[in-house]
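Please take these sequences and the hints and turn them into a complete structure.
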Amino acid sequence: MKNTTIKVDYLARVEGEGSILIKIKGNEVTDVKFGIFEPPRFFEAFLRGRKYSEAPDITSRICGICPIAYQMSAVHAMEDAFGIKVTGQLRELRRLIYCGEWIESHGLHIYMLHAPDFLGFQDALQMAKGYPDIVKRGLQLKKTGNDIVNVVGGREIHPINVRVGGFYRVPTKKELNTLVDKLKWARDAALETVRWTAKLNFPEFEQDYEFVSLRHPNEYPFNEGRLVSSKGLDINVKEYENHFEEEHVSHSNALQSVHKERGEYFAGPLARFNLNFDKLSPIAQESAKEVGVLKGVCNPFKSIIVRSIETLYACDEALRIINQYEPPEKSYIDVIPSKGIGFGCTEAPRGILYHRYHIGDDGLIKDAKIVPPTSQNQRMIENDLRTFASSNINLPKNELTWKCEQTVRNYDPCISCATHLIKIDFEETKI
Amino acid sequence: MKSHLKIESRQLNILFDSLKDLGYTIVGPTVREGSIVYDNIDSASGLPVGWTDEQSAAAYKLKRRGDNSYFGYNLSPYSWKRFLFPPRVKLFSAAKKGKSFKINSDSGNASVPIMSLPNYAFIGVRPCEIQAIKIQDKVFNNWQYIDTVYKNRKEKVFIVAVNCTQAGGTCFCVSMNSGPKADNGFDIALTEVIDKGGHYFIVEAGSEKGNELMSKIPHTVAGQSEIENANRLVQTTARQMNKSMDTKDIKELLYANLESRHWDDVATRCLTCANCTMVCPTCFCTTVEDVTDLTGENAERWKRWDSCFTMDFARVFGGNFRSSSRARYRQWMTHKLASWIDQFGTSGCVGCGRCITWCPVGIDITEEIEKIKEKGGKGEYFNHKDTKVTKEIKKD
Amino acid sequence: MNSNVGIDSMFPLPAQIRKVVWETEDTFTLLLEPDNGGSDFHFSPGQFNMLYAFGIGESAISISSDPSNKDNIAHTIHRVGSVTSVFSQLEKGDVIGLRGPFGNGWPVEKAKGKDVCIVTGGIGLAPLRPVLYSIFNNRKEYGKIFLLYGARSPLDLLYRVELEKWGKMKDVTVQVIVDRCDTSWKGHIGVVTKLFSYIKLNTANTIAMICGPEIMMKFTIQELSQRGVPPEQIYISMERNMKCGIGLCGHCQCGPKFVCKDGPVFALPQISQFLEKKEI
Amino acid sequence: MKIKKPKVAVFKLASCDGCQLALLDAEDELLAVAGAVDIAYFPEASRRMLKGPYDVGIVEGSITTPDAHEYIREIRKMSQILIVIGACATAGGIQALRNWKDVKEFTSIVYATPEYISTLERSMPVSSFVHVDFELRGCPINKYQLIEVINALLNKRKPNISTHSVCIECKLKGNTCITVAHGIPCLGPVTQAGCGAICPSYKRGCYGCFGPMDSPNTVSLSKHFAESGQSKYDTMLMFRGFNAYAEVFRKESDAQEK
Amino acid sequence: MEKRDLSEIVRHHPFVNDLSEYHLNILISCVSNVRFAEGSYIFHEGEDATKFYLIREGKVALEIHSGEKGAIRVQTIGEGEVLGWSWIVSPYKWHYDACVIDNVRAFAFDGKCLRTKCEADHDFGYEMIKRFSQVLEQNLKAARYQVMDVYGR
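Protein chains in written order, with the working numbering: chain A, 1 to 431; chain B, 1001 to 1396; chain C, 2001 to 2280; chain D, 3001 to 3258; chain E, 4001 to 4153.
Bear in mind the hints are in silico, worked out from the structure with no lab data behind them.
Treat the hints loosely; a few may be bogus.
Claimed, not checked - Straight-line distance between alpha carbons at most 30 Å, and here's what the computed DSS-like set of lysine-lysine pairs gives:
#1 K2200/C with K4117/E
#2 K3158/D with K339/A
#3 K3101/D with K3223/D
#4 K2112/C with K2092/C
Unchecked claim - Not everything, but these chain E residues come out facing chain C in the computed CB check (under 8 Å):
#5 E4068
#6 I4072
#7 R4073
#8 V4074
#9 Q4075
#10 G4078
#11 G4080
#12 E4081
#13 I4101
#14 A4108
#15 G4111
#16 L4140
#17 A4142
#18 D4149
#19 Y4151
Stated by the list, open to error - If you anchor each label on the Cβ, the simulated ranges turn out as follows:
#20 Y10/A with D3133/D: 37 to 47 Å
#21 F2136/C with E4057/E: 47 to 57 Å
#22 G3052/D with E247/A: 36 to 46 Å
Note that the Cβ used here is the ideal one computed from N, Cα and C, for glycine as well.
Structure follows, in structure tokens:
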């Protein structure tokens, strides 16, 4: 290929507005930019002066795809600041609603955003003409996730039931039981999804990534655990900012997060899977073994299989939680706000989502920091693009363009999340 | 004179069982998340045993009574209207047929055969609520056109009235002549008595169905002193009532004060949220919604509760007859207390006080009437010519 | 009188369009034949039907045809909202739904032996056309007839051919006035009440029937009263937001009256107290 | 018999993507919708991006940048019918909270063109710039309402979207009023229905994500909050939320700061 | 025509039928009988308003000319009505064109003559003002209703 430029002005099938620019000179890739032109929305700025209790609802508006992740990171950070620990059934309900979000978000990505790439369709609606049953299965699977969020959270997008300390109202056993049959179906459908995605065609593309995720001693991580990596990181969430920092690049309205010493890293399903394979439920582990995807998978295109396995796990876990559910007496733990700093990091469908809040005596937020998963993966996405384009430089331009788009979609990037802030020194801003 | 019977409280469950034997689905007061609502219950233990409610303008609270009374509360947030006149019903569904269309014969609630409707037995209907049902009878079931949804439900219902032995903070049924004791309109009526003599119910049967039911429940003929005990409780309740409304010439008062400045005053407080009309046991306004599927081949029409407080209520193409909240509040109150009398020969208000308790900002219909009277009485806003016209209309 | 009482009072019956007549640029008349043939359909001048556009909704439309003509039930419709827009696109052979007739009618019986003064504006002429037909069918029983009709412009006049025909009849005075026009219009210009200057009412023996926008009716009533027509001889037809048409939904109240069942036609004393007040 | 399917385009401005996701969340209806209309431009869901003009343009998000100014005018030109969805597009969204802050300083750091600063200071609804044919409220919108609007458009009828208070929905559902029974402050009486009264159903006060209802009396409600012991600051925060820049709510939150 | 007869005929016109004999006589001292044929103009906008007319028969349309739209007719005046009030309001200029659309017979009253008499006899002047202010009020009301476009929606 001679001098050429791969340009995707408006990257489709991702959440938010992003672009790709790859410049090729001869046989060499000279420039790669994964640009984010989504306008900034200044969340950290206007969180100041708001009540601690508003953080879950306000930050959920950073992203309509993974509002639960924002709510969970926010409530955990607040509870950390006030020294509260939510346990028992309330804790389980939080896992349950997170299962719902994973099923919904993964279902959306697998069937509607990612699979069309593998099968050569522009979108799932076109794919529905060739594979009607598969698309319907995907929709139904996604719907099951939404149903969980709906019952526990009140609605699918920006649920209203999550609060610091627990929930406004806990579901009755009867309400949760309405989900059981759907989830049993969904678990089967997820297993089929694992088998189906494993049969897709994957480009040969493996990289030596540093995977970063939470790790919990007893469970596959949603809300709690230490931050670990495949290259030896093992820290308390509180230490996040000692190890990671954000950089501003000129071509993007989003900050890029990097490990202070080792640079770019990889968060999300693949990271969780590789670092927590042993914590998956038996049925999820078996399905992984069945399709030959084991711990240590380093081909990001195969994230579609891993998402399917996580979906299967989330269905299974949701069923476990519902089966043992007994409504707690009280829907939340009383919260007495106090001065302090709190940290929260949870596993959004796309990877770790970090919140840090500084709370004043009056319970008002003095300062907030939020690092969404897409900011963390952004640098790695550019890396992948560079590597992938370099090694596929002889592909026809159209094909290479599409494949590059697919490379980005491997990460299920959520651009709306990533642009919650821009590089501004808020400390100097009068509030 | 009707004979008074007596049931021991421990035998109340037999009443439930007998109703169930007769095929009734029982709806009664029960505690749900901090309030006493009317919902399906199975037995006497579902009743709010030992609970009461404290009500005042914009405030409601459940409290323990310190005894084991079954009906020691005042009034639920919602009336029985929900069951006889459901909030949403499908009127019909229809399908396109060529250029024409066909109404599906079994499509709507209106045409649900009466046999397949639930057989409701209402337990704990307060005298004011019985009055409200009578009023809705006049609204829905009293002329050439009737509301079949209401009529079919009403025909089947079994009413167990419970006379009031305490007055709620927003009750004024005495003023509206609708309580605290029901004289008719029920199948049986209970008065709950807890005293040194024990815990029992004085029962009056008000219909053949009621007599039939009583024949299945162990009872005795009530003694004179027991009847007197029950009567005394009801009388005390009437005296306890701390709210009242002077209904003398109330229609004339309101018609004469359609332009009172006081409506502007209420409008500064009124939220036009429509809560009062939703909780009112007699408010009957509805609207319809037409819907289609995406193909436009199948259509449905739904009827749902509406309120004269909504902006859409009096909207016609090109204008709105009542766009100010002043006019909307006036419409509601004047309709309820005045024009209702012209329309149906009865006041639309039963003095249950729900509109006072459940108004989020505590607007009190009895106080507003007083203020209108005060201001009107000064002659400042009172137009004597108008009262004359009113009287002419009466003759018409 | 009404066949559809009770259960199906909320069910529209299919009615086929026999003919569409465009009266003006935005007003048209649908001639309908109910499914069961028109033979059962009796109505009094002034009554209305609820017309249903499949899946779209209903609109209360006065009947504008001759009550003695059972074949064609006419509705003259002003295209203003979504329902009437759908009606405006229909053709001969299309089917709409019909419930009715509802409401009371004009005092055609009471007016016998008297002069009749009809004052209308805009689409308000439509519900009064059946009155004129009734009178002309029994011409001897009535005295002089006055029709005072106001419209926006000469192009907005309804039933132009008939207006001309009626105007030529003996003892019938038709006076038309418009709000605005160019120089081709030789008729009157101004508000409808101006037309009273050009007629001589025997006020004691006249029944006045008014239908038009509420504000027009208000100033017409003032004018009639000033000229000495007693209120009980003045009738008006009210417009409200009618949903059910049968007095059950509460929407069309004006004071103590349900416009759909107590009206739409009222003798002035029944309603005047409320008509005078704002936003009743 | 069927006429050509209407071309529908979905556009995004400053937003969280949640409202357009509502369309994908309508799992049961999505394929039927896709059968009834031609989804010609919907980047979140498809690589296929057909050029305009479109019969229907659906816009999510608020106007926060100079580029968005131009973009929305272009969208308006391309769309025969323009529907805006969600609190961002109808009222500026949560990012309109910046409208109260001094953003001059940091906007001048980011963008070099000073004459745009005034526009950047605020996050504005679409209707401030172009004519809008229908506004669908909510943060996020209710997916059934979106389907209803599309359905109504297809069938040329008025959408069944009520503009009255949340209270009516709440009562139709049979909820006990949480404000009266539990003293929980609730914006339901001044907020437009459409969400299904979910917050009161989950025992929390409505936080106004569908914006002001058609005749809101916020002054009276605030007064009642104050009488119930709520601080002016807390009342201010309630009105200055997801529809902070909707006129009535904006004025009320400003009044609380006086 | 004898004054006596003239006053009898003028008195038939509704505008003056309740005027006192004395004032009617003053009025009549300024009267003349006029006819206008269909299509002719009685006066034009901007001209001195030297007269007013009591229409006995026929119809006059008041027109406003606007450049691009041509003539717009805003009001008609017919039998029993009065045409023209500008004679009594300074600066005594016509504001419209008066086009005869139906042959007109009318009484014309000389404005200058009347103004002198109004100044000389304020009682008479007040009587004139009362009547013409009513004409103005009615015209104003009518104009407002027409602007409301009540039939148009």
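Legend entry - Non-conforming hints, listed in increasing numerical order: Hints 1, 2, 4, 5, 14, 15, 16, 20, 21 not satisfied by this model.
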